[in-house]
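Could you build all of it, start to finish, from the sequences and the hints given here?
If you read the protein sequences in the order shown, they are chains A and B. Just so you know, our numbering puts the end of the first sequence at 423, numbered straight through with nothing missing. Just so you know, our numbering puts the end of the second sequence at 423, numbered straight through with nothing missing.
These aren't lab readings, by the way, just hints derived from the structure by calculation. Not one of these hints is a red herring.
Straight line, CA to CA, 27 Å or less: simulated BS3-like cross-link-like pairs of lysine-lysine: (1) A:K352 x A:K390; (2) A:K420 x A:K32; (3) A:K207 x A:K167; (4) A:K374 x A:K318; (5) B:K29 x B:K410; (6) A:K167 x A:K137; (7) A:K207 x A:K172; (8) A:K374 x A:K420; (9) A:K137 x B:K137; (10) A:K137 x B:K269; (11) A:K137 x A:K176; (12) B:K176 x A:K137; (13) A:K32 x B:K58; (14) A:K82 x B:K29; (15) A:K14 x B:K269; (16) B:K318 x B:K29; (17) A:K206 x A:K167; (18) B:K58 x A:K51; (19) B:K51 x A:K51; (20) B:K176 x B:K206; (21) A:K152 x A:K224; (22) B:K324 x B:K374; (23) B:K176 x A:K14; (24) A:K32 x A:K375; (25) B:K86 x B:K224; (26) A:K410 x A:K318; (27) A:K413 x A:K32; (28) A:K413 x A:K318; (29) B:K137 x A:K14; (30) B:K410 x B:K374; (31) A:K176 x B:K137; (32) B:K206 x B:K269; (33) B:K318 x B:K152.
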Amino acid sequence: MSSRTSHVAADRLKGMQESVWVEFIRLAQEVKPVNLGQGFPDFAAPEFVTKALSDAVTGPNVLLNQYTRGFGHLRLVNALSKLYSKLLGRELDPLTEILVTVGAYEALYCTIMALVNPGDEVIIIEPFFDCYEPMTKMAGGIPVFVPLRPKKTHGPISSADWVLDPKEFASKFTNKTKMIIVNTPHNPLGKVFTRSELEMIAELCKKHNVICVMDEVYEWLVFKGSEHIRMATLPGMWERTITVGSAGKTFSVTGWKLGWLYGPHELTRPAQLLHQNCVYTCATPIQEAVAVGFEIEMERMGTPDSYWQDLIETLEPKRDRMAKFLTTVGMAPTVPEGGYFMIADFSEIGSKVNLDSEQGTKDYRFVKWLSRNKKLQGIPPSAFYCNEHKNLGEDYIRFCFFKEETTLEKAEKIIVDLKKSLT
Amino acid sequence: MSSRTSHVVADRLNGIQENVWVELIELAKEVKPVNLGQGFPDFAAPEFITKALRDALKQPDIFLNQYTRSYGHPRLVNALSKLYSKLLCRELDPLNEILVTIGADEAIYCTIMALVNPGDEVIIIEPFFDIYEPVTKMAGGIPVFVPLRPKKTHGPISSADWVLDPKELASKFTNKTKMIIVNTPNNPLGKVFTRSELEMIAELCKKHNVICVMDEVYEWLVFKGSEHIRMATLPGMWERTLTIGSAGKTFSITGWKIGWLYGPRELTKFPQLLHENCISSCATPLQEAIAVGLEIENEHMGTPESYWRDLVDTLEPKRDRMAKFLTTVGMAPTVPEGGYFMMADVSEIASKIDLDAETGMKDYRFVKWLCRNKKLQGIPISAFYCNEHRNLGENFIRFCFCKEETTLEKAEQIIMDLKNSLL
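So, in structure tokens, the structure goes:
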């Protein structure tokens, strides 16, 4: 009888559970609510991109259906290099400074697994996109959490009002800190970190020799009055920064699962090697289509024909509409400066509702109650906090406003009816 | 000054290098040879599949461009369940017993990373598909190698003549053995393990409580006279076997990078969890198209309309043609029973050539010489052996015969000219 490792599962899976998405996707399938939960549009992807994919698989170049270069299809890394070289003000080497991945997800996974050793500390700013924590733990790293907090509690709140406390933040850097993960524009808050906020982070990274991982997937979705600033452009930061991007968010094709990272070769190379052993290469026709999409967008950038411009102009009124109807019903939204999510404090309305039939933290219970009883689905933000800080999220609900007008109308109606039923 | 882990790169990448093909790919780009190296067809993918993707993109169901279920798009896991339930003679639960992955590569990665702990031994049969070793090491596992050896050295050799020594195999199982990886049909040999060979492996797995990972990506490519047998159907093996498949090999679309694994829930749930925290989900439109392809093939299986039947009927004469021209020039091929690779012993021909201008092991030098001087590309086989056993591969080259007739004609011409030049 074997006496090898007695448990079947590897230790690196200890403590891993089904993600928040699995539970809520299941609920949505059961209840079929108006779904403002998971972050993707409920209208068609842009035709210039879907046409490019169709052309790639049915076209005369048969090799577009076969394996391509492991670290990224040439046409795509060249397009990414051209685009980001312009935006970074530096020549980005397409072969050594870029890696194409299966969504931003795999970019983050490869970065963390390639650079974090057991015992290394990784600073994660809360609320955080939920994968940062399990990925850090799988690498044997120790997540160290530091929350953004709203600096005002009354009146209209913007995502700009959610800030880090400089002293608290600085205290998180120790001699074990290997990495910090920063998400800007931020999910779920929509915060677009300012230059001076990024400079504060940069100073600490340089002082403590920390690698900065910038999750910038919403980089194109920044509303009027804000500007997306790339950490990699700050003085002394190029050499210690890996930046992650996403075709899914860039072209509204989240189901294509294509992303990338870029940075200095010293940092991208380990991620490239990990990728090589994990998936080896990404889907060729999808990379070809995304490359075509970039070539087209690069021509139109800054002009009225720009898809990204159009996306912002489409989303901003949706943002404002949602902020308005949430406010009317007594939820206090945080108006995002970027991205397509909005969180709202539902505690006032939540206190008038009996949530006893549901389980979990207050926001989990409210989200489930709202889905089951009012057929409107959001996401509970305490999922984006570590265990110790879940209370920081439990008064909030996250909604996605990247939806058809008809969807937002239905949501608005449900919310207004809910308000009426409680008066 | 920080005193955290002094090296940038995580320890799990120790000893991991860029894979062996990179140098050869660079050479091929320079030389532009007739490429019988990497394993993919140079003819068009089947139209019913590319059309299915084109249709998926045009459909009114806009969700086909957005995120789908993490463990596998419902339409695809249902199609896989239907297909394999029939072949396994057991009901395969589409939700709990199947995982869809980024090609077979990610299925192997998730399986090993989810089940292997540092110190666990993993038996790998040589020659082996190159990723098994680095992924085992990344998981902290200890690869234990056991070679297939040809039981004859003269006369026509079939892949069936390459066998394991039963005593040698049995000696590799220790109380640390967690897993064995078996590839059938085998790359690069083309060996299709017989029922009794699988039974021998099964007995040892059961005796030592070992998990059996079956890489069966070439399951549909089995030539006349051989039969693909699924380890998961052997008595007592379902509960300890994970089987891997590949849409790339199934539908000649290696560039789509969609694969799967199936097995009992007790084992499948761990790679599912790892996948969820690594990739999150695979590309929706690709999964939809492959589901359509499987639905069509499921109907056509065993009939003259079957694509798989057609593929085998197309490949068998190519196999025979290649075996013939290699033999004519004094290379001794191993005629494969399955798959689309052929190994050939080049020692006789190599001895007549001055390989001093090239570096590396004998097979590498021959492959590079052949590429540079004769513009024909193969793959060196010593790459499919562990360091200690590289000598077992150094007389062999691997060619892919899943190519257009014109490609094979050119290859044949080159080989003939080579023969003439050596007389």
